[in-house]
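Q: Which chain is which? The protein sequence lines are R and H, in order.
Residues in the first sequence are numbered consecutively from 1, following the numbering used here.
Residues in the second sequence are numbered consecutively from 1, following the numbering used here.
No wet-lab data here; the hints were simulated from the structure.
Glycine included, C-beta positions come from ideal geometry on N, C-alpha and C.
Heads up, some of the hints might be wrong.
Residues from chain R that keep clear of chain H, each with C-beta distances beyond 10 Å, as calculated [claimed, not checked]: (1) Val-19; (2) Asp-34; (3) Lys-70; (4) Pro-78; (5) Lys-117; (6) Arg-118; (7) Gly-126; (8) Gln-142; (9) Val-185; (10) Leu-200; (11) Ile-263; (12) Ser-351.
Heads up, simulated DSBU-like pairs for lysine-lysine below, C-alpha to C-alpha not over 30 Å straight-line [stated by the list, open to error]: (13) Lys-202/H x Lys-293/R; (14) Lys-20/H x Lys-202/H; (15) Lys-429/H x Lys-472/H; (16) Lys-153/R x Lys-351/H; (17) Lys-117/R x Lys-202/H; (18) Lys-98/H x Lys-202/H; (19) Lys-429/H x Lys-475/H; (20) Lys-117/R x Lys-162/H; (21) Lys-252/R x Lys-20/H; (22) Lys-153/R x Lys-35/H; (23) Lys-25/H x Lys-252/R; (24) Lys-191/R x Lys-35/H; (25) Lys-219/R x Lys-117/R; (26) Lys-273/H x Lys-202/H; (27) Lys-153/R x Lys-20/H.
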Amino acid sequence: MFIKGVGMTKFGIQEDPSVQLVYEAATEALDDSDISMNDVDAIVLSNMDIRSNGERQRHSASMISSLFQKKMPIIAVPAGCAGGGTALWTAMNFYKNSSYKNMLVIGFERPIANTSKRVTDEILMGGERIYEQTEGLNFPAQNALVAQQYMLKYGATMDDLALVAFKNHKNAFLNPKARFYKKKVTLEEIKNSPIYASPLRLFDCSITCNGAAALVLSKEESDVEVIGSAQESDFLAPFEREDLTSWHSTVKSAEEAYKQANITPNDIDIAEIHDAFTSVELISYEDLGFCGKGEGKELIRKGYTNLDGKMPVNTSGGLKAKGHPISATGISQIYELTKQIRKQAGDRQVSNVNYALAQNIGGAGSTVTVHILKKAK
Amino acid sequence: MIIRWVCETCNKRWIYPIEKCIYCKGVITKQKGTKLKVIGITKVNIPSPMHPIVPYNVLLLQDEHGNRLPKKTMNDYNIGEDYIEKIAKTNDAVAIVKVKYDIYEAIKEAIGLLKGFEFDSKDKILIKPSIVTAAYSYQAVNTNPDFIDALIRVLFDFGIKKENIIVAEQALIGSDSKDAASKAGNLDICKKYGIEFMDISKGPFKEMEIDDYKFNVFKEALNRKIINCPIMKSNFQLGISGAVENLSRLVDEQTQRNMYFDDITITLPKLVKSLENIFTIADATNGMQAQGPLALGEPAFLNLVLAGKNIYNLDTTFSEITMLPLTRWIGIPAIEKKNLEVIGNSMESLKYPLKQANPNDNGHPDIKIIDGKACPACLNIMNNITTRLVGLRGDEITIAIGAHIKESELSNKDRLVILGDCAIKSLAKTNIASAAKIDEKTDSVEQVLLMKKLLTTKGTPKITPVDKVKSKMKKLLSKVM
Numbered sequence: 001m002f003i004k005g006v007g008m009t010k011f012g013i014q015e016d017p018s019v020q021l022v023y024e025a026a027t028e029a030l031d032d033s034d035i036s037m038n039d040v041d042a043i044v045l046s047n048m049d050i051r052s053n054g055e056r057q058r059h060s061a062s063m064i065s066s067l068f069q070k071k072m073p074i075i076a077v078p079a080g081c082a083g084g085g086t087a088l089w090t091a092m093n094f095y096k097n098s099s100y101k102n103m104l105v106i107g108f109e110r111p112i113a114n115t116s117k118r119v120t121d122e123i124l125m126g127g128e129r130i131y132e133q134t135e136g137l138n139f140p141a142q143n144a145l146v147a148q149q150y151m152l153k154y155g156a157t158m159d160d161l162a163l164v165a166f167k168n169h170k171n172a173f174l175n176p177k178a179r180f181y182k183k184k185v186t187l188e189e190i191k192n193s194p195i196y197a198s199p200l201r202l203f204d205c206s207i208t209c210n211g212a213a214a215l216v217l218s219k220e221e222s223d224v225e226v227i228g229s230a231q232e233s234d235f236l237a238p239f240e241r242e243d244l245t246s247w248h249s250t251v252k253s254a255e256e257a258y259k260q261a262n263i264t265p266n267d268i269d270i271a272e273i274h275d276a277f278t279s280v281e282l283i284s285y286e287d288l289g290f291c292g293k294g295e296g297k298e299l300i301r302k303g304y305t306n307l308d309g310k311m312p313v314n315t316s317g318g319l320k321a322k323g324h325p326i327s328a329t330g331i332s333q334i335y336e337l338t339k340q341i342r343k344q345a346g347d348r349q350v351s352n353v354n355y356a357l358a359q360n361i362g363g364a365g366s367t368v369t370v371h372i373l374k375k376a377k
Numbered sequence: 001m002i003i004r005w006v007c008e009t010c011n012k013r014w015i016y017p018i019e020k021c022i023y024c025k026g027v028i029t030k031q032k033g034t035k036l037k038v039i040g041i042t043k044v045n046i047p048s049p050m051h052p053i054v055p056y057n058v059l060l061l062q063d064e065h066g067n068r069l070p071k072k073t074m075n076d077y078n079i080g081e082d083y084i085e086k087i088a089k090t091n092d093a094v095a096i097v098k099v100k101y102d103i104y105e106a107i108k109e110a111i112g113l114l115k116g117f118e119f120d121s122k123d124k125i126l127i128k129p130s131i132v133t134a135a136y137s138y139q140a141v142n143t144n145p146d147f148i149d150a151l152i153r154v155l156f157d158f159g160i161k162k163e164n165i166i167v168a169e170q171a172l173i174g175s176d177s178k179d180a181a182s183k184a185g186n187l188d189i190c191k192k193y194g195i196e197f198m199d200i201s202k203g204p205f206k207e208m209e210i211d212d213y214k215f216n217v218f219k220e221a222l223n224r225k226i227i228n229c230p231i232m233k234s235n236f237q238l239g240i241s242g243a244v245e246n247l248s249r250l251v252d253e254q255t256q257r258n259m260y261f262d263d264i265t266i267t268l269p270k271l272v273k274s275l276e277n278i279f280t281i282a283d284a285t286n287g288m289q290a291q292g293p294l295a296l297g298e299p300a301f302l303n304l305v306l307a308g309k310n311i312y313n314l315d316t317t318f319s320e321i322t323m324l325p326l327t328r329w330i331g332i333p334a335i336e337k338k339n340l341e342v343i344g345n346s347m348e349s350l351k352y353p354l355k356q357a358n359p360n361d362n363g364h365p366d367i368k369i370i371d372g373k374a375c376p377a378c379l380n381i382m383n384n385i386t387t388r389l390v391g392l393r394g395d396e397i398t399i400a401i402g403a404h405i406k407e408s409e410l411s412n413k414d415r416l417v418i419l420g421d422c423a424i425k426s427l428a429k430t431n432i433a434s435a436a437k438i439d440e441k442t443d444s445v446e447q448v449l450l451m452k453k454l455l456t457t458k459g460t461p462k463i464t465p466v467d468k469v470k471s472k473m474k475k476l477l478s479k480v481m
């Protein structure tokens, strides 16, 4: 299956309603693929039905039908922050038993439309209600406990986490679609930012924002091919799992994606990793097989994943600094990797990208998708 | 304590109460971990609606089986430290336990944390739930039937026989108690365990005089240990309906009316003096907030059980954690927060503001309520009317209810409706002019029709013969439907 076109809105705090965000991203993806809506056979979309944004629009699939004035199969696959990746994975699997030629895959979210407390509450609902929400275990706290276990076990430090944030902010500075585009953030600012949930600081957390992203998936050959697509779920609450410092769903979905692609982690040239928290990026280096257990800190310390490193990670700025509009995030990762493979990434362009990997996570490793793209032409 | 539901055959484990293994069909048993160690801790500085007070800590606890659990606390701990749940030091302590899907375990844990309360297999028990109106428990001030179910099982564990347990309650005056218990789901629980449900309004009663005040007290309440099971809720007259208020329905109808007429904040503490053996296990599994019951109240989803012997301490604790106001009971010394012994979970760690009840939040910007400490009968009428007319706009109307209305409160009210026998009686000797008086004998459908006319037309409309026919038709139809 091939990526024929990609599109995304700027990630930010725009007031546009969801329909406009989706329309903008889909139009760009269709223009990019050089096909029209007439050529789209089905749509897979993802969205979390945020209730506090005032849109009150539960039936998103039919809303999309109205938006595009088209009657066709449309399915919504909400999966928390892994919504975008899950939508792509679903579309990939649809193709296996269908005659569809072109499918549009969309992720969109508009959480920033209410007070910070309400938005925090919306995101809190992604955690286990009785054991986590009632104990004040919001996402920063949940990931802080994981990060702490990781740091205790492997000797990673808060400075290592700061390096992850710094790298991703530097990349976002170069990305016109990023929330932090042209906004300079220094390492000192990161290290001096307030503690949100110890040991995580403000700048260890990704930034929630509004946005949409879309891609055209096609059987027709194009310059970017999806050669691996896997999804794995794990128990909702991290405390239930045997190991807090390695996320089974990443390990398993990566294994499957590499197997489908018939490559190894060493073949990957760039990756978009779900850095909802800086600690997650370090843990994911290991779970994705880019280094051994406990060695993630070495990759960031040695600049291995910097834009000019051996294997750049989150050239877009990642969730950390490009922004994290929940269900749109997974598709926006594919947008970045496609642009990189095509050499359309502007100032943040990495040379010679043949294989690229996207990891999209819902919850604290509860749902993970891994996609591997290959330069096809 | 950490609980896991574990398959005896294949050893799979769940954090949810599973009854049968979905893999091997094996039997499930509860694995309880009591030796807890702190293996992680995070100090959280970001407030959220459910957790407005920061900083707080979340501990990651691990038990002797390797099972883990996050736990919020305001106290500081170190990694590697033992986590020990403190047991009550005094008889006045209040235990607060979070329900982790299993109300039965939460009730047992709450009892276990308290001092000086023990059940004997020969005990005769009266379970006093709150069942005020015919509605599902989450819609009204009605105790969750799952809560009653769990409590009965706990009592059975103590060896108490079903013959020695009764569930007794009376709905708000004007409502049928058995209908209410049936709709609330509690009658089915009684039937399931072969336990008698007694309608308190039917007696028998014993006349008692306490501190120069006469009460007709439900006899069974004097002969049994009372397990007081209020649902914790906001209340516009008392701040909260909780452990104290729930006992007000252990008397006959007339006593209830008198108690409110003579000021419930004075009379209810006197009644409580006659009830020696009260243990409260309060249902805050759902709880309720805002101006309920029915249309304008809403479940609060608190997932808590509160327990204790001291009903005043228990209500004060609830008021502290929900930030709801609390009435001052006359004759009862003010309870200072610093003197409360709260175990299980600290008040600070649970603080979460609930919506207060306000009779003027009644869905009608044009209906204002002046409450003179109305009795449950008048409140029931007021709720019935305002609930059924939600959203209807018109000229502003003031409804006066209750016996303790000051004339000065009613001056300059052009369109005044005096509602309920207490208000009519107390204002009879004044020169207050009203657009209508609606007494308790007026048919409930006619009450609504008249209020609708008052709201939407000028002058002083009356109930007409056509209204009476409409009322009869409506009742007939409701029986057929």
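Q: The structure should be examined with respect to each hint, and the outcome stated for every one.
A: Hints, one by one, checked against the model:
With a least CB separation of 28 Å from chain H, Val-19/R remains clear of the 10 Å interface cut-off, as annotated. The Cβ of Asp-34/R lies farther than 10 Å from every Cβ of chain H, with a closest approach of about 46 Å, so its non-interface assignment holds. Annotated as non-interface, Lys-70/R keeps its C-beta farther than 10 Å from every C-beta of chain H; the closest such distance is 38 Å. Residue placement check: Pro-78/R keeps its beta carbon more than 10 Å from all beta carbons of chain H (closest about 22 Å).
Distance check for Lys-117/R against chain H: the nearest CB is about 5 Å away, which does not clear 10 Å, and the non-interface claim fails. Listed as outside the interface, Arg-118/R is inconsistent with that label: its C-beta sits roughly 7 Å from the nearest C-beta of chain H, within the 10 Å cut-off. Against chain H, the non-interface label of Gly-126/R holds: every CB pair exceeds 10 Å, the least being about 13 Å. The Cβ of Gln-142/R does not lie farther than 10 Å from every Cβ of chain H; its closest approach is about 8 Å, which violates its non-interface assignment.
Distance to chain H confirms Val-185/R as a non-interface residue, since its nearest Cβ pair spans about 20 Å, more than 10 Å. With a minimum CB-CB distance of about 8 Å to chain H, Leu-200/R fails to clear the 10 Å threshold, and the non-interface call is violated. Annotated as non-interface, Ile-263/R keeps its C-beta farther than 10 Å from every C-beta of chain H; the closest such distance is 35 Å. Chain H leaves Ser-351/R outside its interface by the beta-carbon criterion, the shortest separation being 40 Å against a cut-off of 10 Å.
Of the pairs offered as hints, the one joining Lys-202/H and Lys-293/R is violated, with about 72 Å between alpha carbons and a cut-off of 30 Å exceeded. A threshold of 30 Å between alpha carbons decides the hint, and for Lys-20/H with Lys-202/H the separation of about 43 Å lies outside it, so the pair is violated. As the CA atoms of Lys-429/H and Lys-472/H are separated by approximately 34 Å, the hinted pair breaks the 30 Å bound. With a CA separation close to 34 Å, the supplied pair Lys-153/R and Lys-351/H exceeds the 30 Å bound.
Under the criterion of a C-alpha separation no larger than 30 Å, the hint pairing Lys-117/R with Lys-202/H is inconsistent with the structure, at around 50 Å. Of the supplied pair hints, the one linking Lys-98/H and Lys-202/H is violated, its CA atoms being roughly 36 Å apart against a limit of 30 Å. A C-alpha spacing of about 36 Å is found between Lys-429/H and Lys-475/H, which places the hinted pair above 30 Å, so the restraint is violated. Our distance criterion of 30 Å between C-alpha atoms is broken by Lys-117/R and Lys-162/H, whose separation comes to about 48 Å.
Taken as a hint, the Lys-252/R and Lys-20/H pair is honoured in the structure, with Cα atoms around 28 Å apart against an allowance of 30 Å. For the hint linking Lys-153/R to Lys-35/H, the alpha-carbon distance of about 23 Å falls within 30 Å, and the restraint holds. Restraint check for Lys-25/H and Lys-252/R: the C-alpha separation of about 28 Å stays at or below 30 Å, so the hint holds. Between the alpha carbons of Lys-191/R and Lys-35/H the distance comes to roughly 38 Å, so the proposed pair goes past 30 Å and is violated.
Distance hint between Lys-219/R and Lys-117/R is unfulfilled; the C-alpha atoms sit about 44 Å from each other, more than 30 Å. Annotation: proposed proximity of Lys-273/H to Lys-202/H holds, straight-line Cα distance about 23 Å (limit 30 Å). For the hint pairing Lys-153/R with Lys-20/H, the CA-to-CA distance comes to about 37 Å; that exceeds 30 Å, so the pair is violated.
When the structure is compared with the earlier hints, violations turn up for hints 5, 6, 8, 10, 13, 14, 15, 16, 17, 18, 19, 20, 24, 25 and 27 and for no others.
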